[in-house]
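**Student:** Spelled out from the first residue to the last, the chains are:
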Amino acid sequence: MQTDTSTESDDTLYIDAISAALADEMRADPSVVLMGQDIAGHGGAFKITRGFLEEFGDQRVRNTPIAESGTIGIAIGSSMLGIKPVVEMQFADFISCGFNQIVNVAAKMYWRTKHPVPLVIRLPGGGGMGAGAFHSQNIENWFLHTPGLKVVSPAYSGDAYRLLRAAIRDPNPVLYFEHKFLYRRERSPLQTAPVPDRILGESSILRSGTDITTVSWGWMTHRTLEAAEILSQEGIEVEVIDLPVLSPLDHRGIIASVEKTQRAAIIHEATCTGGFGAEIAARICDEAIWSLDAPVRRITYPDSPPPFHKGLEASRIPSPERICSELRQLLDV
Amino acid sequence: MQTDTSTESDDTLYIDAISAALADEMRADPSVVLMGQDIAGHGGAFKITRGFLEEFGDQRVRNTPIAESGTIGIAIGSSMLGIKPVVEMQFADFISCGFNQIVNVAAKMYWRTKHPVPLVIRLPGGGGMGAGAFHSQNIENWFLHTPGLKVVSPAYSGDAYRLLRAAIRDPNPVLYFEHKFLYRRERSPLQTAPVPDRILGESSILRSGTDITTVSWGWMTHRTLEAAEILSQEGIEVEVIDLPVLSPLDHRGIIASVEKTQRAAIIHEATCTGGFGAEIAARICDEAIWSLDAPVRRITYPDSPPPFHKGLEASRIPSPERICSELRQLLDV
Amino acid sequence: MTDQDPDTAHSRKPNPGTPFPSKPVSDIESTPHPAASETAFGSLKEMHAYMRLAREWDLRFEKMFRTGALSKWYSSVGNEATTVASACAIEAGDSLLTLHRDSGAILRHYLDINALLPGILPQVPAIREPMGGDSKQRFLRLTCQMLGREHGFSSGHERSYHYNLFEEEWGLFHIGMISHLGSMIPVAAGTAFAYQQQGSDRVAINFIGEGATSTGDFHEALNIASVWKLPFILVIENNRWAFSTPTSQQYACDHLADRALGYGIPGVQVDGTDAEAVLSVMQTAVARARAGDGPTLVEAMLGRHRGHSEGDDSLQQVPEQELQQYVEQDPLDLVEKRLIDGGVFSRAWIDEVRERCASLVTNTVDQAMSMPEPDVHQPRSIYAD
Amino acid sequence: MTDQDPDTAHSRKPNPGTPFPSKPVSDIESTPHPAASETAFGSLKEMHAYMRLAREWDLRFEKMFRTGALSKWYSSVGNEATTVASACAIEAGDSLLTLHRDSGAILRHYLDINALLPGILPQVPAIREPMGGDSKQRFLRLTCQMLGREHGFSSGHERSYHYNLFEEEWGLFHIGMISHLGSMIPVAAGTAFAYQQQGSDRVAINFIGEGATSTGDFHEALNIASVWKLPFILVIENNRWAFSTPTSQQYACDHLADRALGYGIPGVQVDGTDAEAVLSVMQTAVARARAGDGPTLVEAMLGRHRGHSEGDDSLQQVPEQELQQYVEQDPLDLVEKRLIDGGVFSRAWIDEVRERCASLVTNTVDQAMSMPEPDVHQPRSIYAD
Ligand SMILES: Cc1ncc(C[n+]2csc(CCOP(=O)(O)OP(=O)(O)O)c2C)c(N)n1
Ligand SMILES: Cc1ncc(C[n+]2csc(CCOP(=O)(O)OP(=O)(O)O)c2C)c(N)n1
Ligand SMILES: [Mg+2]
Ligand SMILES: [Mg+2]
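Protein chains in written order, with my numbering: chain A, 1 to 333; chain B, 334 to 666; chain C, 667 to 1051; chain D, 1052 to 1436.
Hints were generated in silico from the structure; no laboratory data involved.
Note that CB positions come from ideal geometry on N, CA and C, so glycine has one too.
Careful, some of the hints might be misleading.
Derived DSS-like pairs (lysine-lysine); straight-line CA-CA distance at most 25 Å [to be verified]:
hint : chain 1 : residue 1 : chain 2 : residue 2
1    : C       : LYS738    : B       : LYS643
2    : A       : LYS310    : D       : LYS1123
3    : B       : LYS643    : C       : LYS729
4    : B       : LYS447    : D       : LYS1187
Derived list of chain D stretches under chain B, where covered just means 3 residues or more per stretch with a C-beta under 8 Å from a C-beta of chain B [unchecked claim]:
hint : segment
5    : 1214-1224
6    : 1242-1253
7    : 1424-1436
Partial list, computed: chain B residues near chain A (C-beta under 10 Å) [said to hold, decoys possible]:
hint : residue
8    : SER402
9    : GLY431
10   : PRO638
Extracted from the complex, chain A is given alone in its bound form (with noise of 0.2 Å):
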């Protein structure tokens, strides 16, 4: 937090990419304000705002009461007249606490007033902690299903950085699902491309292949990159798509990459019925049905919460060894 993190640095933690964007978007813009609970003392609960009650003062950086509702639709009003606020969810399972404000106030108001309300809801959420029911969950597509909204979920540092400062620059609320899991195991530099002023679509490929595509986000794309390992050395060359940006979603990057493989494949960590993997594959069963080879596969969590005991969550959080034996299904081998 120290450092105006702006510039390239080598081997920046994940947690310390969010903590380095806020801190650099509060410092360029004096209208962000941060609201949450524990966050100004205490730094929130995984300290990603250790000091800066001291460097921004205790205006700009609020400790809420235990009322995402009400926090979220003060954002609202307050990002309506020039503030831009940025509020921690604890968890990203509280949302559920705040979620009328978000699908009916934030994510209606500009299509029904062409009012913008530029405000970010940081989301730490997923599992592989052993936290259970109430503080793994992924539930991005409920947002995703809610017209107006953007929803980032970066799986590296430099996304993180770069995301959460163009989030904060966006005119519309944006939920920035940040993952737990990956807080302090990720670690990879962040980026010297200046930082948009907006959320867009946006698809990476980060390994190019031939025989299959893979889409995930999040912790997950990690372990698709592991499966892609494995299978590689068994001959077979997946194309790993991750997708930093879920909303808007750019699937033009993934329809051309299926055309190419033929095959397709979208892991994620959210349960099954009714998950952000569906779309993927309908509108791949849609737009690049005559290109493909083989089923399209959804390899996600059961359609169960998450269990608390860390044997349990384990065997339920896709495997790079499940995804390998999904993925060699899909390549008849």
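With chain A's structure known, arrange chains B, C and D with the ligands on it following the hints.
**Tutor:** Here is chains B, C and D with the ligands on its own, set in the frame of chain A:
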């Protein structure tokens, strides 16, 4: 409401079928309790519980304060101790204010604790009435993407009656989406079949055909049938599948039909991205890919809120004409 | 007022840290507002004109509903004293958040009635400055909004009071409702938060019905607003009924204003049919908010005059005697009686004000009705860019 | 007590309309409970034993956390007077809803401490009947639950206090927490609603931290409960801190108990470190609820003894002096001092109680640790059938 309608009767209005199911189940089971805004003396915004206060008394027909979350929470707690609550949302859209209770308390309770939560929430949803952005939404996929809920969406009076009774008997939380547009427009016979004691997946072939399978629910099933009728005159035979139950999903029935017709389209009133149409398309493209002879198409609301102006609204909802033209495209005619 | 230079008017300065325009905080401590005490009938005359305009507005749309020209209408009849007086207590630069029975506040806040009906407020000193800008255009657009016309604020995409009107150059910041009751309370508090954050002395007021006091958002917003001492006034229009639900089935306390104690803020119950009483309470609340002393909860006691929405039978739930009592306590009758009894206005002038307001409304509605409906092929973006 | 016939025990009769077992409403009007007034030290002795058991329970798990044997622990140290005394005020058939610092209530409600530690409560008349059924089994399963073992109530699927225990034959109805604060308040009120609906005189109590009072569900549930006069007692364990947030950033009123006025129900603030004071307040509240007079809001004033969860640094936010004050006002010290000062217990007996509780916990934890972890291949249904 006055007569026991569990026996066959001709041409019951959809809205009356709902009233009848509630009344018959309340007569059969004294633990059934209704809760909702204005449902007592006033009989509810749509008069579905008119006369109930007189017959069942104010202990079993409870006006609630305007507090969806509190009401649903109370319903959950009481259902764990022997009450069978049926909660009426005044409009489906207001469920967002009780969202957390449904997705985190009710949906997960059985999985977490093995304690059943027999609870029905009635959701008058859908558009076509010029009721604007907050009284017309189709939000079933928020709940279909939440493991632990059952979701019902009848298109006909008979299903409305049978499934509401079954929903009340089911030991799980059931979201019962009823379509406002059908209330006084759909009229068909109730069934004589005995009422099941739970909701099971069902798909029903309303019209069999050889050229393409359509999957729809609620109001859109009626519009799809209209389209099928038009196309039939052009020599195209559509197999129309209705889903009175969305969760659990009878996807076997859908797959079998697609394997026969080799083409599929899903028609829903909900917005497209991240919707349940994607789920059905994804299953088809995983399990029936080798049968497919055309892209799998979704015919839906565009990704935007429902406009107030009737003409604007009408231009958004899939019309029989639009369905026909999309299906013709898929058939390359 | 209408040809004021935007640059010298109550323009909002969006830079954080810049204090908001108009009076500095220390000037505003006198309570009630001088206008109310000094010229006893001045405020009454002004409120009368706007209340009458609001009444004629509603009567006109009620009639259109009855003749089928309108598909839905929520009447504000009976709420005018509360809404007009409240809007008299705020100024340019303040934010206003309304519900479905607040035409009085909207009309008072938006319009310079003298610009629309020249001479209707001849010798009255203003309680507050009228809003700058073009009142005629605003009134026409407002009417178009009610009628779902392209020229309305939402181009037909949103119904009646579900819209925003922001005219930054005049300090007009009006955020309309969404249907979900209670949802706008935190949003209103959020606009107050923006003012606080920007070092401005502007305030936010928000109207809700007593029904919305049962929502979680009521509590979450009031709690945060009180902890943060936001310049926020929440006005409960307690008309004793929520759709068909009486207060006895909505809450169990004696006075909703008592809930203020649970937030450590002032709570005031006031006769909402008495415009002068409301004005005084609101001026105190606004002064408090401007001074940085935080929110106030105001409970304005009203009575149900109409069904929940026109054409429904919800009025059947209201006992006849109770209804009659409310109708007898019509806030417009009250204000007119005071003006006549005080020898300020003649019955003839009262009639003339009514006539002029009525024809203004009729003419504007006629004009709006002749204007185009929205173009159904025109796309509308869900994202700002 | 453990071999009681289920049929004659406090069995819940699920038929609606059938009044609930045990005492009829008219018998319960004496307040405070006779045991508390008649045998001045009787209640204290009983509460002491359970408070000590709860304390040793927590100390043991804190230690396991420190040694890495446990991944997370929320300590109840300091809350025992409030939780044990509250559970002493209810009976079989009542429903209990707990949060993360309520081991005292759970242990008191579940267990017959004499069955676990024979003779530990020699001549004490019970404040309330101990729960019927097999205390040993329950204690072991509870311990397994804390440790994520297959034999725990959730078979490892849910963490620590996130489980339910229903033993209908004994009238044991315990609903654990979900993480989302405030969410269980309406659920608790819902169990009270079931009792009211069934014509039973049973009641529901629910514990929350002062942080959860800021949630919408707090308000919605209390409001409905008061309108419907539900037999519901909401106990706020106000330990002055929510994670790292002090009450000054959580609410702006003087006393949270004052919020009761806004619901038209009694609100009581009580020293939550004083078991006898809590017992008396809770017995009054329970009697009121059983008599059909509706909910009570109880604010038990406590102090933070530990970090939010073990191993975090949230205690750094608490000023040292403040922390010391809380630690000095340890509810167990208080109860032990009273017993010694009153000449009821010797220091040696106090020590013996502690030793015996500590070894009971240690032995049970050891036993639980040797029990199997959940089978990861075993499916678990999301639907009841
Ligand atoms: C969250 C929510 N639940 C239910 C409704 C349906 N509804 C619309 S208006 C209304 C009654 C409102 O009563 P009140 O707040 O007293 O306002 P009034 O109409 O009396 O002015 C209800 C229940 C809603 N709009 N929002
Ligand atoms: C709805 C919701 N928001 C945020 C959290 C994160 N959280 C867990 S415990 C806690 C503090 C609780 O404080 P309090 O209610 O006073 O209980 P205490 O821990 O002091 O006993 C917070 C903010 C949560 N669990 N639920
Ligand atoms: Mg009302
Ligand atoms: Mg606390």
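**Student:** Does each hint fit the structure? Answer for all of them.
**Tutor:** Structure-based check of each hint:
no.	hint	result
1	C:LYS738 / B:LYS643	13 Å, holds
2	A:LYS310 / D:LYS1123	13 Å, holds
3	B:LYS643 / C:LYS729	21 Å, holds
4	B:LYS447 / D:LYS1187	22 Å, holds
5	1214-1224	holds (count 4)
6	1242-1253	holds (count 7)
7	1424-1436	holds (count 6)
8	SER402	9 Å, holds
9	GLY431	9 Å, holds
10	PRO638	5 Å, holds
Violation of the numbered hints given earlier is absent; every hint is satisfied by the structure.
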